[in-house]
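Spelled out from the first residue to the last, the chains are:
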Amino acid sequence: MVTTHVPDTRAKLIRIFTFLGGIYFFLYFVLPESAVTALGMKAHHEQISNGFIVIGAMALGLGLYNIVRAHGSRVVFQRSGWFNSLALLVGLVAMIGATSAQWIENLGNTKDIRSVQVLGEFATRIIEDAKSPPTDRVVPPFAERVSALVRYGEGRVSLIESHTNASVEAGTNGASSVLVGEVRERTATVRAKLGEIKAMSWEQPSDDSLSRLTQFSQDAAKLASSYSIIKRSHDAHSASQKVYDFLFDGLFNQLGSAMFALLGVYIAAAAYRAFRIRTIESGLMMTAAVIVMLGQISFGKEIYEHMPSLRQWLLEVPNSAAFRAIRLGAGVAGLMLAIRMWLSIESKSFSSGRK
Amino acid sequence: MSGLEHITPGILVMLGIAGIFLYRELKRVQGGYHHFIRRIPGIDAVEGAVGRCAELGRPVVFTTALTDVGPVLYACLGVLHAVARKAAQYKLKLIVPQYSPEAMALVEDTVREAYRDVGRGSSFDPDGIKFLSGEQFAFASGYMGLMHREKAGAAFMFGAFAAEALVLAEAGQQVGARQVAASVSPEQVAFFICTCDYTLIGEELFGASAYVSREPVQVATLAAQDRLKLLFVGFIVVGVLLATLQAWYPGLAAWMPHTLLSADWSSLAW
Numbered sequence: 002m003v004t005t006h007v008p009d010t011r012a013k014l015i016r017i018f019t020f021l022g023g024i025y026f027f028l029y030f031v032l033p034e035s036a037v038t039a040l041g042m043k044a045h046h047e048q049i050s051n052g053f054i055v056i057g058a059m060a061l062g063l064g065l066y067n068i069v070r071a072h073g074s075r076v077v078f079q080r081s082g083w084f085n086s087l088a089l090l091v092g093l094v095a096m097i098g099a100t101s102a103q104w105i106e107n108l109g110n111t112k113d114i115r116s117v118q119v120l121g122e123f124a125t126r127i128i129e130d131a132k133s134p135p136t137d138r139v140v141p142p143f144a145e146r147v148s149a150l151v152r153y154g155e156g157r158v159s160l161i162e163s164h165t166n167a168s169v170e171a172g173t174n175g176a177s178s179v180l181v182g183e184v185r186e187r188t189a190t191v192r193a194k195l196g197e198i199k200a201m202s203w204e205q206p207s208d209d210s211l212s213r214l215t216q217f218s219q220d221a222a223k224l225a226s227s228y229s230i231i232k233r234s235h236d237a238h239s240a241s242q243k244v245y246d247f248l249f250d251g252l253f254n255q256l257g258s259a260m261f262a263l264l265g266v267y268i269a270a271a272a273y274r275a276f277r278i279r280t281i282e283s284g285l286m287m288t289a290a291v292i293v294m295l296g297q298i299s300f301g302k303e304i305y306e307h308m309p310s311l312r313q314w315l316l317e318v319p320n321s322a323a324f325r326a327i328r329l330g331a332g333v334a335g336l337m338l339a340i341r342m343w344l345s346i347e348s349k350s351f352s353s354g355r356k
Numbered sequence: 004m005s006g007l008e009h010i011t012p013g014i015l016v017m018l019g020i021a022g023i024f025l026y027r028e029l030k031r032v033q034g035g036y037h038h039f040i041r042r043i044p045g046i047d048a049v050e051g052a053v054g055r056c057a058e059l060g061r062p063v064v065f066t067t068a069l070t071d072v073g074p075v076l077y078a079c080l081g082v083l084h085a086v087a088r089k090a091a092q093y094k095l096k097l098i099v100p101q102y103s104p105e106a107m108a109l110v111e112d113t114v115r116e117a118y119r120d121v122g123r124g125s126s127f128d129p130d131g132i133k134f135l136s137g138e139q140f141a142f143a144s145g146y147m148g149l150m151h152r153e154k155a156g157a158a159f160m161f162g163a164f165a166a167e168a169l170v171l172a173e174a175g176q177q178v179g180a181r182q183v184a185a186s187v188s189p190e191q192v193a194f195f196i197c198t199c200d201y202t203l204i205g206e207e208l209f210g211a212s213a214y215v216s217r218e219p220v221q222v223a224t225l226a227a228q229d230r231l232k233l234l235f236v237g238f239i240v241v242g243v244l245l246a247t248l249q250a251w252y253p254g255l256a257a258w259m260p261h262t263l264l265s266a267d268w269s270s271l272a273w
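Residue numbers (our numbering), protein chains in the order written: chain A, 2 to 356; chain B, 4 to 273.
Bear in mind the hints are in silico, worked out from the structure with no lab data behind them.
Incorrect hints may appear among the rest.
Looking from chain A toward chain B, a few residues come up when the C-beta cut is under 8 Å (computed) [claimed, not checked]:
(1) L63
(2) G265
(3) A272
(4) I278
The C-beta atom is built at its ideal place from N, Cα and C for all residues, glycine as well.
Working from the sequences, and respecting the hints, build out all of it.
Written out as structure tokens, the structure is:
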């Protein structure tokens, strides 16, 4: 191994970690699947790969830090173009704010939806435990659990009713009247079932009581499903979502598309420069381009019957050959550089050798 | 065999040969052997382009565009180091717009190192390493604005490029910058040839670093990759002959090297 400098501790550590990181993926790639499984690498591969993704995600913080440092200092010291930096920072804060508000709102709605889903699941759990009492945990008496279910259910139903009424009154819920009607109908059903359960005696589980609980569980699941749709629909029309949509879909994506559209103009400008026949090479390029363009359109076939075939041949034979040559060369060079990086056979400029 | 998740005997042999070539060339340069590297006009133009900036008093722009941390970035850093040295010597403003935050840290380190190498460490301006955006076209628009504002005298575009290649190169054209491009993306090479003064194609990007630095390790790698490539060319010729032979005698198919070397060995008992 060629070294041109005395490595310091930092460089040594980098080399060790680089080698260890590389050897894992090298072995995973080199060894047959049977060996990878036998060594236990297969079982932990996903976790290890996720670890690398987590390390990569840390770059997000680095990027944020760099932006704030570079552009923040420009604004603070009012260097040239500071207003551009200010616009960038305002955009950054606005986007972070809109995304965070949307996330927080979604979090609250998800919590509400989950709290309703739990109702049906709670009833199902009571039925299962009544049919085959668990041995690994202690459960409260049957009547006590049913009573807790009723109390919890009444609370959830009231919550759904108030949310649905508030959404309808606000007139901005985005949910159709059919959906609202469905939620109200299912809420009424669940409320009625809760009333029936409350009126019954639940000292001991019986076939009739378990059947009623099963029916209640199914109705509660249906209510949770309708409620989640109406809630998600409400999310899509919330203020935070609108701000996010405006910033991301309305501004960011549209500006990206506008930049992409510039390519059309630039291709024409670049083609004009490239196709001026000054040398034999540019003459050949021009000829090939004219054949490809004519072969692409129906008019080309009118000029010369075999124009599309000629175009196809140009693309599939000389063009593909050139592409493959470039890819082969770059691939071999990349492989050599990768081996060098893995084994840290680097020049002093990029490893240690700090002065 | 599922994709390339686990190696075939053929690829293992190739990796072994690559390793042997690299070791041999490293030993040779360690023993004082000097390899000849042919002239690459695009790299010779680097000095001229930087000199032009000194004459015009305009900044130098070097971008690695969409290149992420990996072999291609390391190849680009070699050239960036040389450009940064020249910029430091001529006391020029060097701007390196960035797309990848991970790459940015390495780029900053490389430029700082280059300034130190020529004894101008205090002249290094970290603001010259600008993070524009991690979004392709936002980066492209940032680059365009930067080129127009700064009126760059020379622009170096090295690394991996996609659809934004022409936007970047046209921005340089519009301000009259001397442009040198190098890309491993074959689809973008045509755009660079149309728009730039010099274009390095494919592996020339990897060779450029060795060419400008003449650093023994890089030169040895270049020599090793040339030998491996020569071997591949030999394989292609042999492959064509064997495929022709197989077309005449189909019974030979089972004994063909490609059948043996691409065998699925995942079923082996371990």
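Each hint tested on the structure:
Taking 8 Å as the C-beta cut-off, the interface hint given for L63(A) holds, the closest approach to chain B being about 5 Å. Contact between G265(A) and chain B, as hinted, is not supported at the beta carbon level, the nearest pair being about 10 Å apart and thus beyond 8 Å. Checking A272(A) against chain B by beta carbon gives a least distance of about 7 Å; that is within 8 Å, so the hint holds. Interface restraint check: I278(A) against chain B, minimum CB-CB distance 14 Å, threshold 8 Å, status violated.
Of the hints listed earlier, those the structure fails to meet are numbers 2 and 4, in rising order.
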